[in-house]
Amino acid sequence: FYWDDDLFGYMRAPSKKAAAVEKRSADASRASETPTTDTVTRVSPFRVSTLVSIAPVNLTEDFGTMSRHEGDPVPHEHQFYRTTLKGLFSLDLGACGTFSYRRKTGYRNLDDERIEQAKREGLEHRDEEKSYRLAAAERIQRISTLFDGLAQLEGGAKQALHYTDVAPAVTIMAVTKGGNHIFGHVIGATGRGLPEIKIDALQEALTVFKDEILSDVYVGWVKGYLDDERSKLEAFAQTVEGSCVRISHPREAFRAVAEALRKEENLSWLD
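Here our numbering is used: position 249 in the sequence shown is 236, and no number is missing along the way.
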């Protein structure tokens, strides 16, 4: 019932061959490991799509060599490009802190050993769903901490050579009844390949899914990034249709979602 296993899923399928069992038994570092009596798998409640460019780009090829003290230099290639990447992410709030024991791949979260552990730790047993659930306070703490962590997103590969800001410049979030990404078409590209916010698409999403949207719409938008497009969103937020839109910096938007999740009146979002 570790936090990372809960939010990001897991799979554990130890070999049942005698040699493999003997090797695990002889490994002193695994002495405190929880025994596994059956294959356990868990679908990740937190899901992230591939980041894709909003428009075609031209690649710039750069060739170099990696030289060692001995031997021939090894040629390599870098491909540089400048674009706006768009991706989707979702978090299944109902699945967070809920561990099922159905005999189905992805939903066999608990084997017999872990079912007994769930009973000892006092998790709520949901017989019809064949699952055990953590207390609401624990679930909220885990979910809100994840959003607090997303607010600190940074890093990236090869920073010494290609220092790049990887924190999101624009985020759009809301709590909904379903798992569809209702804002997937709100950000697009103009005919010149430049990013634009499609207010009509946003307005349509808010209208069509109004009965499924449970929270405000939290938009994080860095000032200085496409300010003309941000002003279009700010104008829409002043209308009746856009009154649920809350605009701030992406870090503040993530934290606002986390804070909303902590409110007692929003406990129903976890069902």
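By construction, these hints were calculated from the structure, which means they are not laboratory data.
It is possible that part of the hints are untrue.
So the derived label-pair ranges between C-beta atoms look like this [as the list claims (entries may be wrong)]:
(1) G143 <-> P62: 34 to 42 angstroms
(2) G178 <-> Q104: 35 to 43 angstroms
(3) V30 <-> F196: 20 to 28 angstroms
(4) A154 <-> E199: 42 to 50 angstroms
(5) F(-5) <-> Y212: 35 to 43 angstroms
(6) K250 <-> S230: 29 to 37 angstroms
(7) T92 <-> D203: 35 to 43 angstroms
(8) K145 <-> R55: 38 to 46 angstroms
Even glycine gets a Cβ: it sits at the ideal position worked out from N, Cα and C.
Evaluated hints:
1. Evaluation of the 34 to 42 angstroms hint for G143 and P62 yields a failure: the beta carbon distance comes to about 24 angstroms.
2. Between G178 and Q104 the beta carbon distance is about 58 angstroms. The supplied range of 35 to 43 angstroms is therefore violated.
3. The hinted range of 20 to 28 angstroms is satisfied by V30 and F196, whose Cβ atoms lie roughly 24 angstroms apart.
4. A C-beta distance of roughly 29 angstroms is found between A154 and E199, which places it outside the suggested range of 42 to 50 angstroms.
5. Between F(-5) and Y212 the C-beta distance comes to about 29 angstroms, which lies outside the given range of 35 to 43 angstroms.
6. At roughly 20 angstroms, the beta-carbon separation of K250 and S230 lies outside the given 29 to 37 angstroms, and the hint is violated.
7. Roughly 36 angstroms separates the CB atoms of T92 and D203, a value that falls within the hinted 35 to 43 angstroms.
8. Between K145 and R55 the beta carbon distance is about 19 angstroms. The supplied range of 38 to 46 angstroms is therefore violated.
Of the numbered hints listed earlier, those contradicted by the structure are 1, 2, 4, 5, 6, 8.
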